[in-house]
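Trainee: Spelled out, the chains give:
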Amino acid sequence: MSLRKVLGAYRLECRAGAIAILLLGGSIVSQAQLHDLPAGLMQAKVQTACTECHDSHIIMQQRLGPKIWTKEVDKMIRWGALVSPGDRDPFIDYLSINFPPEKATDPVTRVEPR
Amino acid sequence: MISRRHFIGLSIAAAGAGAISPLLHGVPFVEGVVVPGEEGMIVRSARFLDLETPPEFLNSWITQVPHFFVRNHMHEPSALYGGEWRLTVGGEVQETLTLKLTDLERFGLHAVTNTLECAGNGRGFQRPRVPGVQWERGAVGTARFVGLRLHDLLERAGTRKTGKHVMFRGLDEIPGKVPAFVRSIPIEKAMDTDTLIATQMNGAPLTRHHGFPARALVPGWVGAASCKWLTEIKVLDKEFEGNFMKPGYRMPNSPISPGSEINPDDTHPITSMDVKSIIAGPSDGASLKSRVIKIHGAAWAGETDIARVEVSTDSGTTWNLAALDTERARYAWRLWNYVWHAPRAGNYTIMSRATDGAGRTQPQSAAWNPSGYLYNAIDQVRIHVLT
Chain A
1 MSLRKVLGAY RLECRAGAIA ILLLGGSIVS QAQLHDLPAG LMQAKVQTAC TECHDSHIIM
61 QQRLGPKIWT KEVDKMIRWG ALVSPGDRDP FIDYLSINFP PEKATDPVTR VEPR
Chain B
1 MISRRHFIGL SIAAAGAGAI SPLLHGVPFV EGVVVPGEEG MIVRSARFLD LETPPEFLNS
61 WITQVPHFFV RNHMHEPSAL YGGEWRLTVG GEVQETLTLK LTDLERFGLH AVTNTLECAG
121 NGRGFQRPRV PGVQWERGAV GTARFVGLRL HDLLERAGTR KTGKHVMFRG LDEIPGKVPA
181 FVRSIPIEKA MDTDTLIATQ MNGAPLTRHH GFPARALVPG WVGAASCKWL TEIKVLDKEF
241 EGNFMKPGYR MPNSPISPGS EINPDDTHPI TSMDVKSIIA GPSDGASLKS RVIKIHGAAW
301 AGETDIARVE VSTDSGTTWN LAALDTERAR YAWRLWNYVW HAPRAGNYTI MSRATDGAGR
361 TQPQSAAWNP SGYLYNAIDQ VRIHVLT
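Going line by line, the protein sequences match chains A and B.
With the numbering used here, letter number 16 in the first sequence gets 16, and the count goes up by one each step, no holes.
With the numbering used here, letter number 133 in the second sequence gets 133, and the count goes up by one each step, no holes.
For reference, chain A alone in the conformation it holds in the complex (with noise of 0.2 Å):
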């Protein structure tokens, strides 16, 4: 491609920059929000505090121990997440008596048709 028509299409970006983002932004849409997370007392709170920033796709793939569960979770408390004192506890358990290296994984998920 020519220098003078990628600047071109910089310049239909520009002009078209507005409504082409909120198509793009707009048209993503996960099932990790409908999906749940595995029942259990904390499967509400942990829902809540991790799916603020990210997904749960990325919490159910993980195959972890109660050792590498703790530091992510401190991880991610530092980084944010909105955990009470007394959840943390509760949390590291949930995810690693859900989430253990000895669990199969699941399928994977595949961008769907449009």
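Covered stretches of chain A, going by a simulated chain B footprint (3 or more residues, C-beta under 8 Å): (1) 46-55; (2) 75-85; (3) 105-112.
List time: in silico DSSO-like cross-link candidates among lysine-lysine, alpha-carbon distance up to 30 Å: (4) B:164 / B:246; (5) B:234 / B:189; (6) B:177 / A:71; (7) B:161 / B:189; (8) B:177 / A:75; (9) B:100 / B:238; (10) B:246 / B:177; (11) B:189 / B:246; (12) B:234 / B:177; (13) B:177 / A:45; (14) B:177 / A:67; (15) A:75 / B:238; (16) B:100 / B:164; (17) B:246 / B:234; (18) A:75 / A:45; (19) B:177 / B:164; (20) A:75 / B:246; (21) B:246 / A:71; (22) B:246 / A:67; (23) A:75 / B:234; (24) B:161 / B:238; (25) B:164 / B:234; (26) B:161 / B:100.
Note that these hints are calculated values from the structure, not bench results.
What you are looking at is a predicted structure, and each value in this text was computed from that prediction instead of being measured.
C-beta atoms are modelled at their ideal positions from N, C-alpha and C, and glycine is treated no differently.
Assemble chain B onto chain A, guided by the hints.
Mentor: Chain B alone, transformed into the frame defined by chain A:
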């Protein structure tokens, strides 16, 4: 990926603009993940968006943009306006620059065909398991990137002798108190004439998922070096200090026992990719009707050439030389294939191992590290021949 409230807000705005997404018709929340232009990709995370290329798409020397893996540490910028975009170059320089997209016309364009791989590609195979995106084979792809040389930009700004590292900052939107995704590369690599500020990918402007309007392209190095949505370049007198430089993206200075912890002071930053091959076909678990089987895949070694790829069809007892395709470039992978006549019906374990020009060969098992970086064990798939 956006929240329900945000989605509805954008939907109304988009409808008002007269351009209605198909998703706005009918039920606003569908089963599954819809990312326009990325159909068929494996969803590792929908928010932040992390998409893996399935093995069946890893069969061409140039990976099509819709099939190129997407790795985001944060949210993608919610608004990108080419006309308002600015790139600043500052720090240990004689003159601070502020550039518009149109200013890039003053610099010549340079093309680099590069294999880009996430440092965590293959993390899902690491044992004991480690946290992070559980990539398998497909956080890798090859594209032809075009842009200006970072060298030329730094020359224009006049890098001072005190400049030792070059930092990249993008427009990623940071949730909560997450540290910003900011990293730096040594000045020597920054001044390499193949290191780019890329604006094009496979003959078209970068797409949003790949860093529009400009990204760093640090050839041969792990993908994390090639910051997307670039907005600031800063020359520093030392390595940037931040989470994604330390403890992030580092390897142990010497091998450690699987499952053990490591002091970050006993680690070094990851730079170049290691020697590696993957099997793109047949796929793991495939049942094949024919005994004539074309085994194929890709092999790469960062800044080094691939010397050979070998294939085993008997679980690693014997090895056969695969044919390397002729398409090649300094930083790009080589496609390879081996046509095998299975002696009889049954179950087989197929393996591939690459050796690079420096004599490095893929190991039987990858060097374990707590973040699962640079996984490069001999690849293997299990297949069943039916007749």
